[in-house]
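Chemist: Could you build the full structure based on these sequences and the hints that come with them?
The listed protein sequences correspond, in order, to chains A and B.
Everything in the first sequence is counted per the UniProt record's numbering, starting at 1 for the first residue and increasing by one.
Everything in the second sequence is counted per the UniProt record's numbering, starting at 1 for the first residue and increasing by one.
Take these hints with a grain of salt, some might be off.
To be verified - Stretches of chain A that chain B covers, calculated by requiring three or more beta carbons in the stretch to come under 8 Å of a beta carbon on chain B:
hint	segment
1	428-434
2	522-535
3	575-586
Unchecked claim - Just the calculated beta-carbon pair ranges, DEER-fashion:
hint	chain 1	residue 1	chain 2	residue 2	range
4	B	Phe510	A	Tyr506	34 to 44 Å
5	B	Glu485	A	Glu485	48 to 58 Å
6	A	Lys286	B	Asp329	25 to 35 Å
Derived from the structure by calculation, the hints contain no laboratory data.
Just so you know, even glycine gets a beta-carbon here, dropped at the ideal spot from N, CA and C.
Next come the chains, spelled out residue by residue.
Number of protein chains: 2
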Amino acid sequence: MMSTYTDIKTLQFILFEVLGFKEVLELDRYADHDKESALMLINSVKDLSDKELYPFFREMDEAPAHYRDGEIIVHPQVKEYIAKSGELGLIAAPFGYEEGGMQLPQVLVSAVAWIQECANNHLPNYSGLTQAAANLIDHFGNDHLKNTYFPRMLTGEWTGTMCLTEPQAGSSLSDIVSTATPSGDHYLIKGQKIFISGGDFKGSENIVHLLLARIEGAPAGTRGISLFVVPKYRPEEGGDATFNDVNVIGDYQKMGQRGYCTTHLSFGDQNDCRGWLVGEPHQGLKYMFMMMNEARIAVGRGAAGIAMAASKASLQYAKERPQGRPVEDGGNKDVQKEQTLIINHPDVKRMLQYQKAISEGSLYLVLLSSKYYDLSMYHSDPEERQKYSSLLGLLTPITKTYPAEKGMTSVSNGLQVFGGYGYCQDFILQQYFRDIRIYSIYEGTTGIQSLDLLGRKITMKNGEAACALYGQINATLARAEKHAELEPYAQQLKGALDLNTEITTYLTGFAKEGNYRRFLADATVFMEFFGTLVMGWLWLDMAVSSSEKMNSTESSFSEDFYKSKVNTMKFFFKYEMTALPGLAETLKNGDMTTMENDLNVLF
Amino acid sequence: MMSTYTDIKTLQFILFEVLGFKEVLELDRYADHDKESALMLINSVKDLSDKELYPFFREMDEAPAHYRDGEIIVHPQVKEYIAKSGELGLIAAPFGYEEGGMQLPQVLVSAVAWIQECANNHLPNYSGLTQAAANLIDHFGNDHLKNTYFPRMLTGEWTGTMCLTEPQAGSSLSDIVSTATPSGDHYLIKGQKIFISGGDFKGSENIVHLLLARIEGAPAGTRGISLFVVPKYRPEEGGDATFNDVNVIGDYQKMGQRGYCTTHLSFGDQNDCRGWLVGEPHQGLKYMFMMMNEARIAVGRGAAGIAMAASKASLQYAKERPQGRPVEDGGNKDVQKEQTLIINHPDVKRMLQYQKAISEGSLYLVLLSSKYYDLSMYHSDPEERQKYSSLLGLLTPITKTYPAEKGMTSVSNGLQVFGGYGYCQDFILQQYFRDIRIYSIYEGTTGIQSLDLLGRKITMKNGEAACALYGQINATLARAEKHAELEPYAQQLKGALDLNTEITTYLTGFAKEGNYRRFLADATVFMEFFGTLVMGWLWLDMAVSSSEKMNSTESSFSEDFYKSKVNTMKFFFKYEMTALPGLAETLKNGDMTTMENDLNVLF
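Modeler: Here it is in structure tokens:
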């Protein structure tokens, strides 16, 4: 039963037959990679996931990370796994050869991270966050920081974190009050950070915190925030290390993802916590956004992985569980007949199809964002880099949000397939249900992502990003129209695009008038609208590739495989795309209910 | 902080100013009751809830019911609470005076059960199930059964259960295989029952199981199921009691509602389990449906209670938590300003309004079903009784489903208001989130309810029930049209009614052709459509009553109170009713995706 948590075939289909992986391989940076090396990597990570991740998934929930006597106790597999992923070069994978990495395309880094997250969404976070922290030091740190921290993070000996949130500053980072006081080559750091994932755990050799703080006299708001490297133990010349006054004072017991510790840290209780400035003073949030954007894609990826794992578990159950009989013509049931498997009931099929649509579509969304990242970083043409950077910027809040929000519904459908068993601890669905709920909170809530999407990404550079996206979508439409079976769906998507143009023009009109309250009031509804539209495009795109391959001699999969993708596209257009006009209606509605200032009086 | 889990004002508003409580009081059976006695009861149950329910809510989750050495250990408050609710006459409340009850209208029984379920959704189930089991014995049991069990169930000395599910027979009750062999005045029972709520617990004096089993030679399917009273201890003449070979062999550890035990029972391991037939042989499912229908309303009520409690908790948090600043005209934020309370952010307002709409609307739905029950049972005019019976039948699957399904989303919104804190065990939202998930599974899943709604209730007697419902809705529309402010919403609801007529005619057309597979394939989507429509009606109805009262000298509440109801109606029409045309589009779509027989091959 080891193979029931993921879908390697669909991963390969998206990578090699849908996504345009070739465009990535054609970049100079990735010249050494090809499909075969990618397949080898996928297989070895699947093997790692079978052995080191999936078997520990349930017990990490049952014996969660917890605070005891000044330490965070985690499952012993945490240390094992981090070491293994370091050994296999997975943490170093995206970095350049000269830095000890594999120079692996981000799209492949994402692909193999996703496999691991399907298997166990707790463990890969430890090394993923370390990779992202190392990337930040690599890009913006000076040689001292790079030499001191970077190599040992890539091996997994030391792990990394991002320290942003404070008790009064969660969604509102401008209110950070942790301080940094200049003192020779470093700063003295003082302050508390809460909700710090992987912030400390017993047995870790060192933890490298990337921390936001304010240098004395800095301007108010986000323009006065600087970024520091703050290790738990500061390396001294000669190889010794001194405790750096980074104290763990508690943890958060979460409803789910209980194997991944969430900590409360206090810096500088003894006034001996040293931090080293990354880059220029007061530019910290700009740097941190590199890590945050990476983390946002990773959040969407994790949610996509959980949705997939839940989908596979409920599909397996539906194929094995007999219950009831199908309704026959005339409305009767023949009780003399044997019970049917529940996969034969239309409502169970609906729930399974929904999960398939959300989990596979979300995977494509995540991989597409990663491909855009590769092209935005390494394309030889600066204009192309700019285009893909815009596309990545536009898709980032959607990639963070769609798999998290719809993934919850998807996993809930998976639980429902199990009936009462799904609600019981003997079955895994309840764990997926609890785990996935954090993803719409992590790294900027859905509300924050929606403000980013509508308030920044849609409007930036006069709509350049949306324009580039339309270009991509139109390319899919042109291919779709060659297939009679797909043509009606292409028309439906065109209609949705027109509706989007209408809505966007209507809403941005308020911004042009300076009426930002009205412009952004229903940003979350816009996110649902736009996210659904993007997902409709991705499904049509998968259906197009499937239709092309079905009639080709070059296909790698069975006709049934391709047919199931076309079917799922049809499902998505029937059950999800139909919501768009209603959402548009809501967005156009001028009723001020969610903006009334006196709502708190009325409640 | 004791008052943050419920909303007594809104309860009173619905009961006394919206629902037409007077019509219930006018029934002969309820001649002794009036508004004042109802208010006294509400106050005393609120007091009970403050003292005996809410304080134990969290600890019942943290130290859940569990199986140990052949017994189920529950929180000590279970026994305390059942005794208290017996003492106060709450279990006996709906029964006639001659039976030791208060002859209380069901609408009031529901109202005070809801208060308790807001406070603690675990405890009231024990006595609620006892009440429903007693009611079944009262209606269909012979004098021997009535005299032996009924009185001690009303005092709470003995509790009751319903034993339906078996390992192979959950949604499919026709597959029940527990057997009953005639033996003198009783039957010998043999079989296993799973997922039995309140099935056994240490310290219970006796537990009276209402159990479905097959008498030898009975016809196959649901027409061969009989109903038995099977006590854990069988009373002997002279007052002694003998163990009746009812064995608890395990329990189910659930994700939520962990204070309410769910057990696995084995009957007749020693061939000494006696059961007494209720009513006629092979008629058991018909009798049991009385209890199931009652339980379905109770499930919706419980979900409505959790949604309300979560709504109140997140509202309180939103009024106390500062974070960020509102977007100003021009799109900027002034970071020099103090942070605002999060209730002032539009997206938080949206989430709070959503919760208000769902939780208050669900309460009205539950109370309305209960009112229909009262009128269907005790109206002097048989035609009226028939009308209300149809209305009750139609609303039952919706009352079971809407609060459960939308309540989940509502509670999830409440959790999101808390941000990361909502996901942590220090805060209560995560418990509500876990607890409410069971309600769409209990007593027939959402899929089963949807088949009941579309396949039976909509079509029965040539659409008589839907026709009666239209009559009720039209009465609201006529009143709404007198208020200029409400007129556009009345028009919108009319449009939705027309759409419903179109959809229903379209779908039932397939039934008339004998094509039941097509007719019922998207029953769950129809449930969402019809449930939303009904909720839109209920909100318009509340807005009408509010508008009438606002300009009246007889109003009991402040203008702000009434204004908030009108506002919430507008919210519901803007954000929820707009989904109807899209759902209709899905229902009209002839794509066969959810019916393909080979879907399991394709997956």
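Chemist: Now, for every hint given, state plainly whether the structure supports it.
Modeler: Tested hints:
no.: 1; hint: 428-434; verdict: holds (count 3)
no.: 2; hint: 522-535; verdict: holds (count 4)
no.: 3; hint: 575-586; verdict: holds (count 9)
no.: 4; hint: Phe510(B) with Tyr506(A): 34 to 44 Å; verdict: holds, 39 Å
no.: 5; hint: Glu485(B) with Glu485(A): 48 to 58 Å; verdict: holds, 49 Å
no.: 6; hint: Lys286(A) with Asp329(B): 25 to 35 Å; verdict: holds, 26 Å
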